[in-house]
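Starting from the structure of chain A, add chain B where the hints point.
If you want the building blocks of each chain, they are given just below.
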Amino acid sequence: MTILETKEVSKTYAAHKALDKVSVCVEQGDVFGLLGPNGAGKTTLIRMINQITAPDEGEIFFCGNRLRAQDVHHIGYLPEERGLYKKMKVGEQAVYLAQLKGMDTKTAKEKLKEWFTRFDIMNWWDKKVEELSKGMAQKVQFITTVLHEPKLLIFDEPFSGFDPLNANLLKEEILNLRDKGASIIFSTHNMSSVEEICDKIALINKSKKILDGSVKEIKQRFKKNLYELVLPKEAAIEDMLVEGCYLQDKLRAGDTLVVKLSIDKGRNAELLSNILKTTDIISYRELLPSMNEIFIQTVQENE
Amino acid sequence: MTILGPILLCALWATPFLISKTAQKTDNIIVVDTNAIVADSDIIVVDNAADKKKGEKVYLFKGNFKNKENIKFEYMDDISQAQALLKEGSCDGVLEIVKTGDNPPIKGFMYYEESEPGLSTQEEIKKQMSDIFKTKILEYDYNMDKKEIEWINNAEIDFYTKNILTGKESYQEIKMVLGGVSGFLIYFFVFLFGAQVMKSVSEEKVNRIVEVLVSSVKPVQLLMGKLIGIALVGLTQFCLWVVLTFAILGFVRAAAPQMFQPVQQEEITVNERIISVDKINAAEAGDTTNELIQGLLSINYLTMIGMFLFYFIAGYFLYASLFGAVGSLIDADTDGQQFTLPITVPLIIAIVCLPAVLDNPTGNVAFWLSIIPFTSPVVMMVRIPFGVTFWELALSASVMLLFIAAAVWLAAKIYRTGILMYGKEINYREIWKWLKYKN
Numbered sequence: 050m051t052i053l054e055t056k057e058v059s060k061t062y063a064a065h066k067a068l069d070k071v072s073v074c075v076e077q078g079d080v081f082g083l084l085g086p087n088g089a090g091k092t093t094l095i096r097m098i099n100q101i102t103a104p105d106e107g108e109i110f111f112c113g114n115r116l117r118a119q120d121v122h123h124i125g126y127l128p129e130e131r132g133l134y135k136k137m138k139v140g141e142q143a144v145y146l147a148q149l150k151g152m153d154t155k156t157a158k159e160k161l162k163e164w165f166t167r168f169d170i171m172n173w174w175d176k177k178v179e180e181l182s183k184g185m186a187q188k189v190q191f192i193t194t195v196l197h198e199p200k201l202l203i204f205d206e207p208f209s210g211f212d213p214l215n216a217n218l219l220k221e222e223i224l225n226l227r228d229k230g231a232s233i234i235f236s237t238h239n240m241s242s243v244e245e246i247c248d249k250i251a252l253i254n255k256s257k258k259i260l261d262g263s264v265k266e267i268k269q270r271f272k273k274n275l276y277e278l279v280l281p282k283e284a285a286i287e288d289m290l291v292e293g294c295y296l297q298d299k300l301r302a303g304d305t306l307v308v309k310l311s312i313d314k315g316r317n318a319e320l321l322s323n324i325l326k327t328t329d330i331i332s333y334r335e336l337l338p339s340m341n342e343i344f345i346q347t348v349q350e351n352e
Numbered sequence: 308m309t310i311l312g313p314i315l316l317c318a319l320w321a322t323p324f325l326i327s328k329t330a331q332k333t334d335n336i337i338v339v340d341t342n343a344i345v346a347d348s349d350i351i352v353v354d355n356a357a358d359k360k361k362g363e364k365v366y367l368f369k370g371n372f373k374n375k376e377n378i379k380f381e382y383m384d385d386i387s388q389a390q391a392l393l394k395e396g397s398c399d400g401v402l403e404i405v406k407t408g409d410n411p412p413i414k415g416f417m418y419y420e421e422s423e424p425g426l427s428t429q430e431e432i433k434k435q436m437s438d439i440f441k442t443k444i445l446e447y448d449y450n451m452d453k454k455e456i457e458w459i460n461n462a463e464i465d466f467y468t469k470n471i472l473t474g475k476e477s478y479q480e481i482k483m484v485l486g487g488v489s490g491f492l493i494y495f496f497v498f499l500f501g502a503q504v505m506k507s508v509s510e511e512k513v514n515r516i517v518e519v520l521v522s523s524v525k526p527v528q529l530l531m532g533k534l535i536g537i538a539l540v541g542l543t544q545f546c547l548w549v550v551l552t553f554a555i556l557g558f559v560r561a562a563a564p565q566m567f568q569p570v571q572q573e574e575i576t577v578n579e580r581i582i583s584v585d586k587i588n589a590a591e592a593g594d595t596t597n598e599l600i601q602g603l604l605s606i607n608y609l610t611m612i613g614m615f616l617f618y619f620i621a622g623y624f625l626y627a628s629l630f631g632a633v634g635s636l637i638d639a640d641t642d643g644q645q646f647t648l649p650i651t652v653p654l655i656i657a658i659v660c661l662p663a664v665l666d667n668p669t670g671n672v673a674f675w676l677s678i679i680p681f682t683s684p685v686v687m688m689v690r691i692p693f694g695v696t697f698w699e700l701a702l703s704a705s706v707m708l709l710f711i712a713a714a715v716w717l718a719a720k721i722y723r724t725g726i727l728m729y730g731k732e733i734n735y736r737e738i739w740k741w742l743k744y745k746n
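Listed in order, the protein sequences are those of chains A and B. My numbering puts the first sequence at residues 50 to 352. My numbering puts the second sequence at residues 308 to 746.
Please keep in mind that the hints were generated in silico from the structure rather than gathered at the bench. All clues given are correct.
Derived pair list, reagent style DSS-like, types lysine-lysine, alpha-carbon separation capped at 27 Å:
hint	chain 1	residue 1	chain 2	residue 2
1	B	K525	B	K740
2	B	K743	A	K257
3	A	K160	A	K177
4	B	K740	B	K533
5	B	K506	A	K138
6	A	K255	B	K743
7	B	K525	A	K136
8	A	K176	B	K533
9	B	K525	A	K66
10	A	K135	A	K158
11	B	K740	A	K255
12	A	K158	B	K525
13	A	K162	A	K229
14	B	K525	A	K200
15	B	K740	A	K70
16	A	K135	A	K162
Restraint ranges, calculated between C-beta atoms of paired labels, are given here:
hint	chain 1	residue 1	chain 2	residue 2	range
17	B	L499	A	S182	28 to 38 Å
18	A	S182	B	V488	46 to 56 Å
19	A	K135	B	L556	34 to 44 Å
20	A	E350	B	G532	41 to 51 Å
As the structure is a prediction and not an experimental result, all values here were calculated from the model. Idealized CB from N, CA, C, for every residue including glycine.
So here's chain A without its partners, still in its complex pose (with noise of 0.2 Å):
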């Protein structure tokens, strides 16, 4: 089921156009990564999503319906610029954010009490916020978020701010989320995250959509029929290569020989045979892509 579609939206802001007709589909339960460069259109297009601001052109459709007010109950948004009253107390300022996400203040506590405990915070309750550091903040930023169940979970930057054991956390219970059905949009350019987490990409840059679909098939699509093998050290690979296959580099690490090759379709058999005949091979493994040089790749290209 789609959770979330945007048509072909357009917003455009005195003179610069913040995005041009950029479609995404988001299904349930993917988890979907927008990237993009600082300042390419992820916030304006997260902001339309969450009716902050309207598309000039193109529509939004959220569980096949056109996005309608009363839908904001069902997005849990966690922006960029986050923050919380400083003078309020914790538990009084968690109640109040559920409500304005439609929650009742019985259910709101009930359910705030059952993830403070999880997260054994609890004692935070009637603290006011200036005394929280700030990454105990964020955590209860992130309870806010998600408490009232959202469909459809939207996180811009999450991870800036977290120390590392409190980025994995965040990372599990994000997951965690899913596994239960949400759906979940990342907004981010920490390209790592990416490749461990998101199912989909969207790639935005200069207002445009340059790329999307899965991230499997599109490291597929960006393959340059790389390869990694790794002989023991005295191996002669100049001498071995076949037809259609090039030296691209060559490393000498430990005892062993890393042997970087670009090797032309349906020559592999032909090469590892070769190079049997004469010696062993430690490994061999194609070499994808990672996002990061994806990323860096369709962004220089579209300069």
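Leaving out everything else, chain B in the frame of chain A:
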């Protein structure tokens, strides 16, 4: 900002000056001095040196007022005829001078319709009356007895203003106090709660909680909620103040009643006056308290309270929505100074012009400042005790409502963009662009 600042400060200085320049309105006053004094009567004991005047009819005031730049005097004998002219609107006031048994034996009654002549006009008439009275007495009576000397020393003639339609006396001083206090209260509350809205908006922006909030409610809803919420806080606080003030006053009054005794009575005993004068003064002292009560009763409180609430709320909404817009521009790095100044200056102009308005509640300064919505909450409240025509109130209120609608619209536009704008230098040109953004 470098240019705007001096311009605004000049405006602050020049506005009252410029308006009062154009404010030279002439009041036409008809004087009715029917109580001619026969030069032999009980009041003026004409002594022998002036006996050629004996039996002659002497009008103390008729023909003796001096026309001034802003007052013209005419004289008539028939009070009802003069009042008819007043009702027609062909003069601004009728001054009836009557003889009484008090000290001094003359009292002036000024009739007006709808709104009374300005304080400066009234002061001028009162001064001229006293001067004429003194001069005449000295002219006709050189051989005065103690009582007469007392009169002359006391020659500040009692002067009352009366609305010809309601027949009520006007009690100028009480109105001044009431008008001034309510005008100032409005100024104070608009500033206090307007600033509170600004603070609250900028706090949410600086906290960065605002983006979470606007993902749950619309920015306009958030701003309106804030405006209405703080308005209710303001009204509650105001009501509490009123109730508590009266409670404390009541308590003090009960605990220390001597504090509230009129001071004049003590003076009389200290001065060791002769019994007759003592009595007169004692009676007068009683009058003062009585007059105060009468004066307080003479105000139309229903209009007063109704309009106070209206201007309190309206003035608050006008200014608070603008303060809210300014609040959305304030970030950790940008301060709101350059944006608050244009909002606070009009409010300060209203306060600076208060004396001019009190001096002449029907003059041009008062009129225009009570129509312009940025000053009208303060200035109109000052004017209301003196009587304001219905059409002026209606005009002022409608202009006000129009401007509130415009201010809220403007504020919503600025607020919507401003709260989500971080780390960017915001100037007026930038804001102008925002107004053209769609949602």
